[in-house]
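Note that the protein sequences, when read in sequence, are chains A and B.
Residue numbering for the first sequence follows the working numbering, beginning at 1 and increasing consecutively.
Residue numbering for the second sequence follows the working numbering, beginning at 1 and increasing consecutively.
One or more hints might be untrue.
FRET-style restraints, in silico, Cβ to Cβ [to be verified]:
# : chain 1 : residue 1 : chain 2 : residue 2 : range
1 : A       : Leu87     : B       : Asp20     : 31 to 41 Å
2 : B       : Asp18     : A       : Met1      : 43 to 53 Å
3 : B       : Glu80     : A       : Arg221    : 39 to 49 Å
Note that these hints are calculated values from the structure, not bench results.
Just so you know, these numbers come straight off a predicted model, no measurement behind them.
Ideal Cβ positions, reconstructed from N, Cα and C, are used throughout, including at glycine.
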Amino acid sequence: MDPVRVLPCEEGEPAWNMALDEALLRASDGPTLRFYTWSPPGLSLGWFQRYDAVASLPGRHVVVRRLTGGGAIYHQRELTFSITGPLRSMPWADPIEAGYVRLHEAIRDALERVGVDSTLAGNRGRAAPRPDELWCFRHPTHADLLGRTGRKLLGSAQRRIRTPEPRILHHGSLVMAAPAYPIEGTASAHEQVPGLEAEPLVRSLTDALAAVMGRRAEPGRPTAAEIALATDLRDRRYRDPKFIRRR
Amino acid sequence: MRPDDRKYLKSHEWAKPDGDVTVVGISDYAVSHLSDLVFLDLPAVGTEVTADETFGEIESVKAVSDLYAPVSGEVVEINEDLPDNLDRLGEDPFGAAWMIKVKTTAESANLMTAADYEKHLEAEGD
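Bound conformation, chain A alone (with noise of 0.2 Å):
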């Protein structure tokens, strides 16, 4: 069976998080997945977001901009996975729908291992997001995964590319412990099982994820290629109030 190479389980700065996946995105030879969480918190924009909407909001976070689309992001208390790579490694990305589906079931019964219980949106989520709405985590879509009481628990994002040849990446974010601020009414982790560490959900999701993906795990850390492109990535673009004000 193929590998799909795992990065480490680490924290990063948010311009340094968002660079790493960029970077990965355009140079990663094969398949890759990490997880990753933010410190300082991070609040990430979706591509097509305006700025403005969370100019203003007080706190310790920092802005950035996803390269993927859809609402507002808060990263404190979260775990982040991405996947990376060309598309003709994913036969599970398409079509775009069912393989949205795919992973959030696969992530679903990864929880259910470590005592969290969540269930697939379906038609509690919209069809699609309101371009309008400000947080992501406030308004679930079809595949997006609630928590016990339907709020919302896990949600992820995709971007494409095309050159040098067709290639993906799919981040999502998972609530641990709910945030206070900026927003409200998020499901966690911890709400279900207080205090679940990273490590043991981390490697259950390895697992499921790998499984989707029709390939083995193997541990393994990013090149010095992506790492210089990474570093590049996050000071001329992702540090850039230029970039983060894009829209």
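Chain A is already provided as a structure; the job is to place chain B on it using the hints.
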């Protein structure tokens, strides 16, 4: 059969010559695979675009996808009300839903005829 008065990229953009200007859009195949289109970013008039590099992005419910320029040159006109009327892409992707017009200085070496584009789509499995 898709219009043969223009050429196509593998990434589904089309390029139709109109004097020294090229009209650019995306094919029905691209539109049908995107579904539930939400946002479109087009470059400003006056922007220089480069063949085979991105000129904009389109967001559907499920993915943001890059749009690739089939030609190089200066953008001389954009379809300004298309971003607010994305359903036009489903209705008339080869006509009313054109995206940009470029005063062309060079073409992508990857442009293919309508016939070759159809073969490419068959190979993609649709």
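Now for the hints, and whether the structure bears them out:
no., hint, verdict
1, Leu87(A) x Asp20(B): 31 to 41 Å, "36 Å, holds"
2, Asp18(B) x Met1(A): 43 to 53 Å, "52 Å, holds"
3, Glu80(B) x Arg221(A): 39 to 49 Å, "47 Å, holds"
Violated hints: none; the structure is consistent with every hint.
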